[in-house]
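Colleague: The primary structure of each chain is shown beneath.
Protein chains: 2
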Amino acid sequence: MDKNNNDLAPNLSTEQEPLYIIKADGTRELFEVSKLEESLLNSGASKKTANDVISHVTSELTDNMTTKEIYTHAFEILHREEKPVALKYSLRHAIMELGPSGFPFEDFVAEIFRAKGFEAKTGQVVKGFCVEHEIDVVAWNEEKLIMVEAKFHNELGIKSDLKVVLYVKARFDDLHKMTFSYGKERQLDEAWLMTNTKFSSTAIEYGSCQGGLHMVGWNYPPVGNLHDMILEAKLHPLTCLTSLNGREKKVLLDQGIVLCKTLRDNPDLLNTLGFKENEIVKVMEEIKTL
Amino acid sequence: MDKNNNDLAPNLSTEQEPLYIIKADGTRELFEVSKLEESLLNSGASKKTANDVISHVTSELTDNMTTKEIYTHAFEILHREEKPVALKYSLRHAIMELGPSGFPFEDFVAEIFRAKGFEAKTGQVVKGFCVEHEIDVVAWNEEKLIMVEAKFHNELGIKSDLKVVLYVKARFDDLHKMTFSYGKERQLDEAWLMTNTKFSSTAIEYGSCQGGLHMVGWNYPPVGNLHDMILEAKLHPLTCLTSLNGREKKVLLDQGIVLCKTLRDNPDLLNTLGFKENEIVKVMEEIKTL
Chain A
1 MDKNNNDLAP NLSTEQEPLY IIKADGTREL FEVSKLEESL LNSGASKKTA
51 NDVISHVTSE LTDNMTTKEI YTHAFEILHR EEKPVALKYS LRHAIMELGP
101 SGFPFEDFVA EIFRAKGFEA KTGQVVKGFC VEHEIDVVAW NEEKLIMVEA
151 KFHNELGIKS DLKVVLYVKA RFDDLHKMTF SYGKERQLDE AWLMTNTKFS
201 STAIEYGSCQ GGLHMVGWNY PPVGNLHDMI LEAKLHPLTC LTSLNGREKK
251 VLLDQGIVLC KTLRDNPDLL NTLGFKENEI VKVMEEIKTL
Chain B
1 MDKNNNDLAP NLSTEQEPLY IIKADGTREL FEVSKLEESL LNSGASKKTA
51 NDVISHVTSE LTDNMTTKEI YTHAFEILHR EEKPVALKYS LRHAIMELGP
101 SGFPFEDFVA EIFRAKGFEA KTGQVVKGFC VEHEIDVVAW NEEKLIMVEA
151 KFHNELGIKS DLKVVLYVKA RFDDLHKMTF SYGKERQLDE AWLMTNTKFS
201 STAIEYGSCQ GGLHMVGWNY PPVGNLHDMI LEAKLHPLTC LTSLNGREKK
251 VLLDQGIVLC KTLRDNPDLL NTLGFKENEI VKVMEEIKTL
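Residue numbers (UniProt numbering), protein chains in the order written: chain A, 1 to 290; chain B, 1 to 290.
Pulled out of the complex, with its shape left as it was, chain A reads as follows (with noise of 0.2 Å):
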């Protein structure tokens, strides 16, 4: 059995037919098992689990089926193998789902910052020493004025690469020759870049290398990444619940609603946004599980 699996990955890429898939956005692509595989081994899968997963899933792959039915059936075998990984995984996959726009990104890191007890603010046209630069977060308190470029990516494997580091460094650098009026008249304490998949290497190498640009990837720095946060905030997003479908989430983050917490505390939103009796009553019940 455990030979069998191991040898599957290959025989899928070279030997079968070639089978599409249709992704979030509606577009075909390719299948390919080697992104599967990245994204449970990312998860924090064991090579033997994510080989089991990737055996059930491809043997009930059929042309054209969706990104979302896939991750569904990968989540189900992983959930019942790794139940700690399987909650990584769809965490992950819900944030991926706050796209395809990024907006949404935006307000969840807001939101991150704000259940750390800051003030927060996206898409801010703030003045820099040379030109006026669209920011995606500023959040502020008494001690600290912090503004983060926020990176969403909605596909697994793209990484913000030195480039984007670079820009936000520049972008920063004008800006810390200013000040500005958050909370109080202040200057900029902390410049932060945070995205929802990886860095690359060298994004990193030039990053630690700058003292002032804070760094936050799904799984980098080892301790505080975004992962990391979620959890301590407890922060889900709404795109994880199962009893709201893809036109309902989507119809919450058009009102920058990204959070459980924020129906649960706020039953009334769903009924003033036309939900039905019953499917609210699903929604807080499943919230209550989370």
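Just so you know, these hints were derived from the structure itself, not from any lab.
Check each hint, because a few of them may be wrong.
Same chains, same label: a pair holds when it works inside one copy or across any pair of copies.
[What the hints assert, rightly or not] In the DSSO-like style, the derived pairs of lysine-lysine whose C-alpha atoms are separated by at most 27 Å in a straight line are:
1. K35 x K177
2. K177 x K288
3. K127 x K198
4. K121 x K163
5. K35 x K282
Using the hints, position chain B against chain A.
Modeller: Same frame as chain A, now just chain B:
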């Protein structure tokens, strides 16, 4: 007649059946009269001439026509009406045909510096203070060491925006702290950002605020822009030749041969690359007429 022509653009875009055209990379795209108009006006055509050309071109437009056919037709009419404008239009398209990879554009920029008496190398990996950077063109003479980021776009209407200028600025900040051994042990004197298209207005605003960054686009700055540099150095890219077909041009570009001048000065080159004698004669004759 004039009135007719002036009305043509709005008519086409709102009332006629949509037509698709085939781009250089083989993809299909909706034909937009505004893009053709913009490229004509950008080359310096008067509004009246642009309308004349558009009127002729659109009357003979068929579904799935290639952008190359459309451009050739537009050029014929423009050549009859405003010859200097036609030459600028044609040169701009010849530069665009250096794509799609952008590498020949780097070679082309290197040739511009050589024509100005510099030594020049492309694709150099150089050590910055924090990380290594891939520099498109390094050019040096006794007085100056210049490093160039060459930004190539093979579509009209794509601008190099603020993010590009920001990352180039940060990259050069990292390089300004180091010494290099091009020609002699020395520091970086000038950092250039060159593009075959335009810069956004914020990109220009930021760039002019930064002392050390030289920005050169097709039409920017008003004097000493890419178009001026090409004319001054008498450097016609070989993509402007009609005596070579696309495949033949690609063979030459892949060898790093980008200029008509290179072919003129080395008549044996075409020989060694397997061109036939009668083809070579035709190419050489066309080069003489430039």
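Colleague: Now tell me if each hint is right for this structure.
Modeller: Hint-by-hint comparison with the structure:
Taking the closest pair of Cα atoms, K35 and K177 never come within 27 Å of each other, the shortest separation being 43 Å inside a single copy and 40 Å across copies. For the identical chains of this complex, K177 and K288 are neighbours neither inside a copy (47 Å) nor across copies (56 Å), given an alpha-carbon limit of 27 Å. Within a single copy, K127 and K198 get their C-alpha atoms only as close as 29 Å, which misses the 27 Å cut-off; across copies the closest is 24 Å, which meets it. Taking the shortest alpha-carbon separations for K121 and K163, both the intra-copy value of 26 Å and the inter-copy value of 22 Å come in at or below 27 Å.
For the identical chains of this complex, K35 and K282 are neighbours neither inside a copy (33 Å) nor across copies (51 Å), given an alpha-carbon limit of 27 Å.
Hints 1, 2 and 5 from the earlier list are contradicted by this structure; the remaining hints agree with it.
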